[in-house]
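Given these sequences and hints, build the entire structure.
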Amino acid sequence: MSISLKIFLFIVVVLFLLIIFSLLKKGTLKIKYSIMCIFMSLALVIVFIFNKSIEKISMFFGFENTSNFIFFIAILFILLIIVSLSSTISNQSEKIKTLSQKLGILEERVRKVEDKNDDKI
Amino acid sequence: MERVLIIIPAYNEEKAIENTVSSVNSLVSSDKYHFDYLVINDCSKDNTLKVLEKNRFNYINLPCNLGIGGAVQTGYLYSIAHGYDYTVQIDGDGQHDPKYIEEIIEKLKETDADMAIGSRFITNEGFQSSGMRQIGIRIISFIVKILTRKTIRDVTSGYRVCNKKMTNYFSRNYADDYPEPEAIVSSIKNGYKVIEVPVVMNERESGKSSISGFKSIYYMIKVSLALLVSYNKRKDEYNVY
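Quick note, the sequences are listed as chains E and W, same order. The first sequence begins at 1 in this note's numbering and counts up by one. The second sequence begins at 1001 in this note's numbering and counts up by one.
No lab work stands behind these hints, which were simulated from the structure alone. Keep in mind that a hint or two might mislead.
As the list claims (entries may be wrong) - Pulled from the structure, derived: some chain W residues nowhere near chain E, Cβ distances all over 10 Å: (1) Arg1003; (2) Val1028; (3) Ser1029; (4) Tyr1033; (5) Asn1058; (6) Ile1080; (7) Lys1107; (8) Phe1121; (9) Phe1142; (10) Asn1168; (11) Ser1171; (12) Asn1202.
To be verified - Okay, derived cross-link-like pairs now, DSS-like style, lysine-lysine, Cα gap no bigger than 30 Å in a straight line: (13) E/Lys26 <-> W/Lys1164; (14) E/Lys25 <-> W/Lys1165; (15) W/Lys1099 <-> W/Lys1150; (16) W/Lys1054 <-> E/Lys95; (17) W/Lys1189 <-> E/Lys25; (18) W/Lys1193 <-> E/Lys30; (19) W/Lys1189 <-> W/Lys1164; (20) W/Lys1193 <-> E/Lys25; (21) E/Lys95 <-> W/Lys1233; (22) W/Lys1165 <-> E/Lys30; (23) E/Lys30 <-> E/Lys97; (24) W/Lys1150 <-> W/Lys1193; (25) W/Lys1050 <-> E/Lys95; (26) E/Lys30 <-> W/Lys1045; (27) E/Lys97 <-> W/Lys1045; (28) E/Lys116 <-> W/Lys1050; (29) W/Lys1145 <-> E/Lys30; (30) W/Lys1054 <-> E/Lys97; (31) E/Lys32 <-> W/Lys1233.
As the list claims (entries may be wrong) - Cβ-Cβ distance ranges computed for the label pairs, FRET-style: (32) E/Leu106 <-> W/Asn1025: 23 to 31 Å; (33) E/Lys26 <-> W/His1034: 34 to 42 Å; (34) W/Arg1138 <-> E/Ala43: 27 to 35 Å; (35) E/Asp115 <-> W/Asp1112: 48 to 56 Å; (36) E/Leu106 <-> W/Leu1027: 25 to 33 Å; (37) W/Asn1190 <-> E/Arg109: 33 to 41 Å; (38) W/Glu1103 <-> E/Leu80: 47 to 55 Å; (39) E/Gly27 <-> W/Asn1065: 18 to 26 Å; (40) W/Asn1065 <-> E/Ile78: 25 to 33 Å.
Positions of the beta carbon are idealized from the N, C-alpha and C atoms, including for glycine.
See the structure below:
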């Protein structure tokens, strides 16, 4: 991997981390859901720093280029983040269903009380 | 006369909640303070709700489980909506003795503070919690000290008393995860005054602590990160009281 490519990738990952921290600071992102992105980005930065060892590992697995291996790792990280997001979405979808159901049941109770009051009048 | 609301977040506390509420009910309202309580049932999976209904306790039943942060914040929202002067938070498991409340409010007034944390580590009497947890608490306390320059020993204590200003802030800004240490950092960062007062806590009556054993390490890493982020958060813009 050429040195200019290493520097370029390094800068991009650092920029990405800065964006995440800025969003966290504003309150747009919640810590819970940004932890994965932060850890993965940090892991990538570490990969860039220890690139000699990465080259050895990459050749061991049979990758033609070290950069192929690094992109492969990055893709794996992205897939992991997607799985984590899907899990969060599933959880939220369940909560929304529960909220809607309980709201419906509550509305029926309120309606009964209103009808009772109307009868009294 | 000042009105005090005691909020009791409860998740799966079917065994302990009756005693906790009775101990609060035994607090006698005086000329100075009128005490009310509110149990917040965080969508418990056990029979907590049945126990609350059977005893006709005062409670809110959350439709979804929000965690300790969301449950306690619900209590703060309720407090503001009903115009209470002070809001007290105690655990649903009976570890916290409400007899200290009046004395803690007096301390709050004396020191012109906004939040008082009931701490078991000042006089080191009573239940002290397990070794692993103690190490974790010390580390978090250290991080809080670096960020806020304030020494709070019992950072995870859920025994808290807040005045109206503080309650108003928390009703709009309260963390979902690890709210106890995070609330200390964000309140001090936003200009509120926090003090620590000694209390004696009881041993956990029944049920499990929500943080146990080696989970403590994972918990600590996440808390540290959360505290760092919280420290750097832009100040709450609507400081309206």
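Evaluated hints:
{"no.": "1", "hint": "Arg1003", "in the structure": "27 Å, holds"}
{"no.": "2", "hint": "Val1028", "in the structure": "34 Å, holds"}
{"no.": "3", "hint": "Ser1029", "in the structure": "30 Å, holds"}
{"no.": "4", "hint": "Tyr1033", "in the structure": "33 Å, holds"}
{"no.": "5", "hint": "Asn1058", "in the structure": "18 Å, holds"}
{"no.": "6", "hint": "Ile1080", "in the structure": "21 Å, holds"}
{"no.": "7", "hint": "Lys1107", "in the structure": "32 Å, holds"}
{"no.": "8", "hint": "Phe1121", "in the structure": "27 Å, holds"}
{"no.": "9", "hint": "Phe1142", "in the structure": "20 Å, holds"}
{"no.": "10", "hint": "Asn1168", "in the structure": "18 Å, holds"}
{"no.": "11", "hint": "Ser1171", "in the structure": "16 Å, holds"}
{"no.": "12", "hint": "Asn1202", "in the structure": "32 Å, holds"}
{"no.": "13", "hint": "E/Lys26 <-> W/Lys1164", "in the structure": "26 Å, holds"}
{"no.": "14", "hint": "E/Lys25 <-> W/Lys1165", "in the structure": "23 Å, holds"}
{"no.": "15", "hint": "W/Lys1099 <-> W/Lys1150", "in the structure": "27 Å, holds"}
{"no.": "16", "hint": "W/Lys1054 <-> E/Lys95", "in the structure": "27 Å, holds"}
{"no.": "17", "hint": "W/Lys1189 <-> E/Lys25", "in the structure": "13 Å, holds"}
{"no.": "18", "hint": "W/Lys1193 <-> E/Lys30", "in the structure": "26 Å, holds"}
{"no.": "19", "hint": "W/Lys1189 <-> W/Lys1164", "in the structure": "18 Å, holds"}
{"no.": "20", "hint": "W/Lys1193 <-> E/Lys25", "in the structure": "23 Å, holds"}
{"no.": "21", "hint": "E/Lys95 <-> W/Lys1233", "in the structure": "28 Å, holds"}
{"no.": "22", "hint": "W/Lys1165 <-> E/Lys30", "in the structure": "25 Å, holds"}
{"no.": "23", "hint": "E/Lys30 <-> E/Lys97", "in the structure": "22 Å, holds"}
{"no.": "24", "hint": "W/Lys1150 <-> W/Lys1193", "in the structure": "10 Å, holds"}
{"no.": "25", "hint": "W/Lys1050 <-> E/Lys95", "in the structure": "22 Å, holds"}
{"no.": "26", "hint": "E/Lys30 <-> W/Lys1045", "in the structure": "27 Å, holds"}
{"no.": "27", "hint": "E/Lys97 <-> W/Lys1045", "in the structure": "17 Å, holds"}
{"no.": "28", "hint": "E/Lys116 <-> W/Lys1050", "in the structure": "26 Å, holds"}
{"no.": "29", "hint": "W/Lys1145 <-> E/Lys30", "in the structure": "23 Å, holds"}
{"no.": "30", "hint": "W/Lys1054 <-> E/Lys97", "in the structure": "28 Å, holds"}
{"no.": "31", "hint": "E/Lys32 <-> W/Lys1233", "in the structure": "15 Å, holds"}
{"no.": "32", "hint": "E/Leu106 <-> W/Asn1025: 23 to 31 Å", "in the structure": "28 Å, holds"}
{"no.": "33", "hint": "E/Lys26 <-> W/His1034: 34 to 42 Å", "in the structure": "41 Å, holds"}
{"no.": "34", "hint": "W/Arg1138 <-> E/Ala43: 27 to 35 Å", "in the structure": "29 Å, holds"}
{"no.": "35", "hint": "E/Asp115 <-> W/Asp1112: 48 to 56 Å", "in the structure": "52 Å, holds"}
{"no.": "36", "hint": "E/Leu106 <-> W/Leu1027: 25 to 33 Å", "in the structure": "32 Å, holds"}
{"no.": "37", "hint": "W/Asn1190 <-> E/Arg109: 33 to 41 Å", "in the structure": "39 Å, holds"}
{"no.": "38", "hint": "W/Glu1103 <-> E/Leu80: 47 to 55 Å", "in the structure": "51 Å, holds"}
{"no.": "39", "hint": "E/Gly27 <-> W/Asn1065: 18 to 26 Å", "in the structure": "23 Å, holds"}
{"no.": "40", "hint": "W/Asn1065 <-> E/Ile78: 25 to 33 Å", "in the structure": "30 Å, holds"}
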